[in-house]
Amino acid sequence: MNSQKFDHFVRRFVDLILLPCIGLGIVLVLWSISSATWAKELPSPTKTWEASKPYVVEPFAKRGEMDQGILRFTWYSLQLVAKGYVIALLIGTPIGFFLGLSKTFTKIFDPLIQILRPVSPLAWLPLGLVLFISMGKEAGTYGALFTIAICSMWPTVLNTAVGVRAVPQDYLNVGRVLKLSRWKTLTTILLPATLPYMFTGFRLSLGISWLVIVAAEMLTGTPGVGGFLWQEYNSLIYEHIILSIIVIGVVGFILDRLMSLVESRFKTA
Amino acid sequence: MSFLELKNVSKSYGGTPVLRDVNLSIAEGEFVAIVGYSGQGKTTLMSLIAGLTKPDSGSLTLSGQPITGPGPDRGLVFQNYSLLPWLTVAENIELAVKAVFPDQTPAECTAHVDKYIAMVKLSHAKDRRPSQLSGGMRQRVSVARTLAINPRILLLDEPLSALDALTRANLQDEISSIWQSDRKTVVLITNSVDEALLLADRVIPLTLGPGATLAASIPIDLPRPRDRKALNHDPQFKRLRAQITEQLLGFGASRTSSTTRKLVLPDIMPENLDAPRVNRPPRRLSEEKQETVVSL
Ligand SMILES: Nc1ncnc2c1ncn2[C@@H]1O[C@H](COP(=O)(O)OP(=O)(O)OP(=O)(O)O)[C@@H](O)[C@H]1O
Ligand SMILES: [Mg+2]
Chain G
1 MNSQKFDHFV RRFVDLILLP CIGLGIVLVL WSISSATWAK ELPSPTKTWE ASKPYVVEPF
61 AKRGEMDQGI LRFTWYSLQL VAKGYVIALL IGTPIGFFLG LSKTFTKIFD PLIQILRPVS
121 PLAWLPLGLV LFISMGKEAG TYGALFTIAI CSMWPTVLNT AVGVRAVPQD YLNVGRVLKL
181 SRWKTLTTIL LPATLPYMFT GFRLSLGISW LVIVAAEMLT GTPGVGGFLW QEYNSLIYEH
241 IILSIIVIGV VGFILDRLMS LVESRFKTA
Chain B
1 MSFLELKNVS KSYGGTPVLR DVNLSIAEGE FVAIVGYSGQ GKTTLMSLIA GLTKPDSGSL
61 TLSGQPITGP GPDRGLVFQN YSLLPWLTVA ENIELAVKAV FPDQTPAECT AHVDKYIAMV
121 KLSHAKDRRP SQLSGGMRQR VSVARTLAIN PRILLLDEPL SALDALTRAN LQDEISSIWQ
181 SDRKTVVLIT NSVDEALLLA DRVIPLTLGP GATLAASIPI DLPRPRDRKA LNHDPQFKRL
241 RAQITEQLLG FGASRTSSTT RKLVLPDIMP ENLDAPRVNR PPRRLSEEKQ ETVVSL
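For the record, the sequence lines run as chains G and B. The first sequence begins at 1 in the numbering used here and counts up by one. The second sequence begins at 1 in the numbering used here and counts up by one.
Incorrect hints may have been included.
Only pairs whose alpha carbons sit at most 20 Å apart, straight line, appear in this in silico EDC-like list of lysine to aspartate or glutamate [unchecked claim]: (1) G:K184 with B:D103; (2) G:K179 with B:E28; (3) B:K98 with B:D114; (4) B:K7 with B:D21; (5) G:K83 with G:D256; (6) G:K179 with B:E91; (7) B:K184 with B:E174; (8) G:K184 with G:D170; (9) B:K184 with B:D164; (10) G:K179 with B:D73; (11) B:K98 with B:E108; (12) G:K53 with G:D170; (13) B:K115 with B:E91; (14) G:K184 with B:E91; (15) B:K115 with B:D103; (16) G:K53 with G:E65; (17) B:K54 with G:D170; (18) G:K47 with G:E239.
Worth flagging that the hints you see were computed from the coordinates, not collected in a lab.
Isolated chain G, as found in the complex (with noise of 0.2 Å):
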């Protein structure tokens, strides 16, 4: 290996794995500190590791309804959060579309939107429990979907929106010289022109599905990490409330590095 070749290799090391890695100790060290000293019942780093050892050694056990290994709980979340999230995108990229391209229906619907945008999911629950109550057993779960719907259709509808009307001029005006169907104008000119916006509204909705799921397996008890975070506070088990919430982070990462990958494939274009 070449010197400037090692030079390099030295320096993403430093970079990718050493400087994160300096981040991680800070942080532990505090924990360490602060539950040793004014916050008596936070468990210490090396306490939540082995209570959590059964939980990620074997991630998709199952020993009982609320006592599941830490990835089959995270499986069982991202399952309602996908449901909820494929109903945001089917309901949220149309009401954009139509924002984007009708005034009048921005200007019915624009004062709304933004009315009904900045309310907490904690506030949506009750009201999604109420609305499937003829459900049943299942009108948590139903509660919980429209939650996540509701809460994270925002930024797919307004970047959408914002995509239809930056959509050039003369973008359109080859489809008016073609005299193509409005049909046609929609996917061939309009949709792939939007695009790149509506992948960050995608990712954005993502990131905040994945905010609410937690706080609606909270209120509802579904299996989930959520559900399991608050059942393990009433359990006084507090180290499994560490360790959900560092797989609820991660989990989230992975999400949004994801949604990066394919939001920038479509950049390009």
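Please arrange chain B with the ligands on chain G, whose structure you already have, making use of the hints.
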């Protein structure tokens, strides 16, 4: 009767008149060049003919039929190419061909597309996207896309002005030979008098705005095919060039003025945290400068 006819066409944007009382009459098969200064409404005139914008007053007709909206019978080559960036060269042209000739079989369509790609000598690049093409190549795709829909009249909006002199000369020859072979009616907008003289049967100067209009047209009776090298020594060519250039400069002379204005440079600091640190304190760029603009 003339093929394309504009009568007293006026257009203004937000109260400022751009074109006023434009009259134009073009015969079938004629090649007309319109020369004028930048920003005086040449593109606006093209959009009016293409039907993309509506005139405030006046009438436009194509072979007797009023122009009410855009349509593929008027092939517009946009000033900024307007290729769809997510489609390849072939797909861009195919989109147009499929829209205008919906009855073609897939094989006919492919052959049709290939023929026009070959005409502008881009067969080797047919699967590339516009971002992978040079400016001249994009321009040729744009021309091929328009020729492929077989319009009755070709509207070329400064198709070559963004190109270097050599590429420009090449494409001028291509346009010239394409026109010689099928004698379509062409309206060419250009800011180059030489280009107009090389290609057109008639040159029409556009006066200065606000409220620009077309001046009297100047017939170019140079024999074809015109050879650019020989033309340079042709006394008739020299005379026409001097005449048109003088006329254009004449529009400007009455309006030459200069303004001095304050130029404030933007106060921007780098936001990129990865940027290497330089060994001096960051300096703000808010210096004021003076700028003098002489407008033609
Ligand atoms: N859609 C529009 N809205 C408002 N003003 C416009 C619009 N289009 C053009 N204008 C104005 O009309 C005038 C003429 O514009 P136009 O694009 O026709 O000029 P041009 O002769 O084609 O210039 P260039 O040679 O630079 O292409 C300009 O002052 C421009 O600012
Ligand atoms: Mg123009």
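We went through each hint and held it up to the structure:
In summary, the hint linking G:K184 to B:D103 is supported, as the alpha carbons are separated by about 16 Å, within the 20 Å threshold. For the suggested pair G:K179 and B:E28, the alpha carbons sit about 24 Å apart, so the restraint of at most 20 Å is broken. A C-alpha spacing of about 13 Å is found between B:K98 and B:D114, which places the hinted pair at or below 20 Å, so the restraint holds. At most 20 Å may separate the alpha-carbon atoms for a hinted pair to count; B:K7 and B:D21 meet this at roughly 7 Å.
Among the hinted pairs, G:K83 with G:D256 is consistent with the structure: their alpha-carbon atoms are about 17 Å apart, no more than 20 Å. A threshold of 20 Å between alpha carbons decides the hint, and for G:K179 with B:E91 the separation of about 17 Å falls inside it, so the pair holds. Straight-line distance between C-alpha atoms of B:K184 and B:E174 comes to about 14 Å, which keeps the hinted pair within the 20 Å bound. Between G:K184 and G:D170 the alpha-carbon distance is near 16 Å, which keeps this suggested pair within the 20 Å criterion.
This hinted pair does not check out: B:K184 and B:D164 have alpha carbons roughly 26 Å apart, beyond 20 Å. As the CA atoms of G:K179 and B:D73 are separated by approximately 10 Å, the hinted pair is consistent with the 20 Å bound. Under the criterion of a C-alpha separation no larger than 20 Å, the hint pairing B:K98 with B:E108 is consistent with the structure, at around 10 Å. Straight-line distance between C-alpha atoms of G:K53 and G:D170 comes to about 60 Å, which puts the hinted pair past the 20 Å bound.
With a C-alpha separation of about 14 Å, the suggested pairing of B:K115 with B:E91 holds against the 20 Å cut-off. A threshold of 20 Å between alpha carbons decides the hint, and for G:K184 with B:E91 the separation of about 15 Å falls inside it, so the pair holds. The hinted pair formed by B:K115 and B:D103 meets the criterion: a straight-line CA distance of about 18 Å does not exceed 20 Å. Straight-line distance between C-alpha atoms of G:K53 and G:E65 comes to about 19 Å, which keeps the hinted pair within the 20 Å bound.
Using a Cα cut-off of 20 Å, the hinted pair B:K54 and G:D170 holds, with the two alpha carbons roughly 16 Å apart. Proposed proximity of G:K47 and G:E239 is supported: the alpha carbons are some 7 Å apart, at most 20 Å.
This entry does not satisfy hints 2, 9, 12, going by the numbered hints stated previously.
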